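Peer 1: Here is what each chain is made of, one letter per residue.
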Amino acid sequence: MRDHKTIICRCEEVSLEDLVRTAESYRCSSRELKLRTRAGMGQCGGRTCRALVDSITQKCTNDSTPHDIPLGYQAPIRPITFSIMGEKKDE
Amino acid sequence: MSKGRIIDHPILGRLDEREEVHFTFDENKLIGYEGETIAAALLANGERVLRCHEETGKLRGIYCNIGHCMECRVNVGNQKSVRACLTVIQEGMEVKSGRKLPTPFKKGETQ
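Chains A and B, in that order, give the protein sequences.
Counting from 1, one number per residue, gives the positions in the first sequence under full-length UniProt numbering.
Counting from 1, one number per residue, gives the positions in the second sequence under full-length UniProt numbering.
The following block holds chain B by itself, in its conformation from the complex (with noise of 0.2 Å):
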């Protein structure tokens, strides 16, 4: 079992060779296969953390996996809220993860 993947699958067999495709993600370079989508390619490297919560900065990653639930929402190159879960990774993609925002308005918070 590699890092990650499940390379050999007692039913769907062995995994086929791909094409590795290089993209950065939070500036540090990993190594995904082509199709794989962002999520997949992170999981795979062990980054389970996409984004933290807007707000509370709660660590949030995967969550429905299907494009529903926008928790794996990351931002690729200027682009915004694209889900990692449905966009598949490009060669030279720059993946960030979401970030804490400042709430300048909440009572009690001073910036």
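Just chain A, same shape as in the assembly (with noise of 0.2 Å):
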């Protein structure tokens, strides 16, 4: 672990640190955190770290912002690899 900072999102290795000094020095949303930190991009789609990163946006930014919408479940709901959507068969 980088210095044993408490990991939130495994996946991409965005410790708690990292995602309060990006929530509260940009006062972004959500979905504004998730695209600076990467934080619930990784391959398991947040499964691990969406609520977290919900929950530090709505402590961090208490006057939780109005367009603050929480964040989604992206396509495709389980990761597939590109070979499945149409790899050429050399037979």
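Mixed in with the good hints, there may be bad ones.
Under 10 Å between C-beta atoms, here's a sample of chain A residues computed to sit facing chain B [unchecked claim]:
(1) Arg10
(2) Cys11
(3) Glu12
(4) Asp18
(5) Gly42
(6) Gln43
(7) Cys44
(8) Thr48
(9) Arg78
(10) Pro79
(11) Thr81
(12) Ser83
No wet-lab data here; the hints were simulated from the structure.
Since the model is a prediction, treat every value here as computed from it, not as a measurement.
No residue lacks a Cβ here, since even glycine has one placed at the ideal position from N, Cα and C.
Reassemble the complex: the two chains are provided individually, in unrelated frames, and hints are given to aid placement.
Peer 2: Here is the structure:
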């Protein structure tokens, strides 16, 4: 672990410290925090850290800005490889 | 207690005899039993590291073991990103662990 920082997003290795610092300095919504730090964009599709990122934005930008919509569920719901979507089978 | 498997469980009783399955993990030959998942067979053989993080290279292995977290993804034959905890081992299966990928465009890294 990077000197024992609490990791929130395991797939992208985003720590709590990064998230809090970004959320406070840019006062961003969940979606913007996800875009800035990549937390929630990993292979597991945000299963582990989606709720945590939402709660971090709630805490850090306490007047939870009106346009603050929680993080959504982006397709594909299950990760798939490109080869499934039409790899040329060389017989 | 054989290497890595509970043969005689106080409640579940004795592990029944199963066919041996030969497969390779990163080119070394391992033996698992029929009906075991790749993750279980590797764990029984003492292999805990299934891949390393594509960007930072940190070692990763089984985490949820029920197919949600994608931490146990390995390459089987030419198929990439296969979940080891859900895939049952077959005879002669070639499992390769995930490697750190180059990041040529990251600042400070010139390749």
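Peer 1: Hints first: check each against the structure and report whether it holds.
Peer 2: Structure-based check of each hint:
no. : hint  : result
1   : Arg10 : 7 Å, holds
2   : Cys11 : 7 Å, holds
3   : Glu12 : 8 Å, holds
4   : Asp18 : 13 Å, violated
5   : Gly42 : 8 Å, holds
6   : Gln43 : 4 Å, holds
7   : Cys44 : 5 Å, holds
8   : Thr48 : 7 Å, holds
9   : Arg78 : 9 Å, holds
10  : Pro79 : 6 Å, holds
11  : Thr81 : 5 Å, holds
12  : Ser83 : 7 Å, holds
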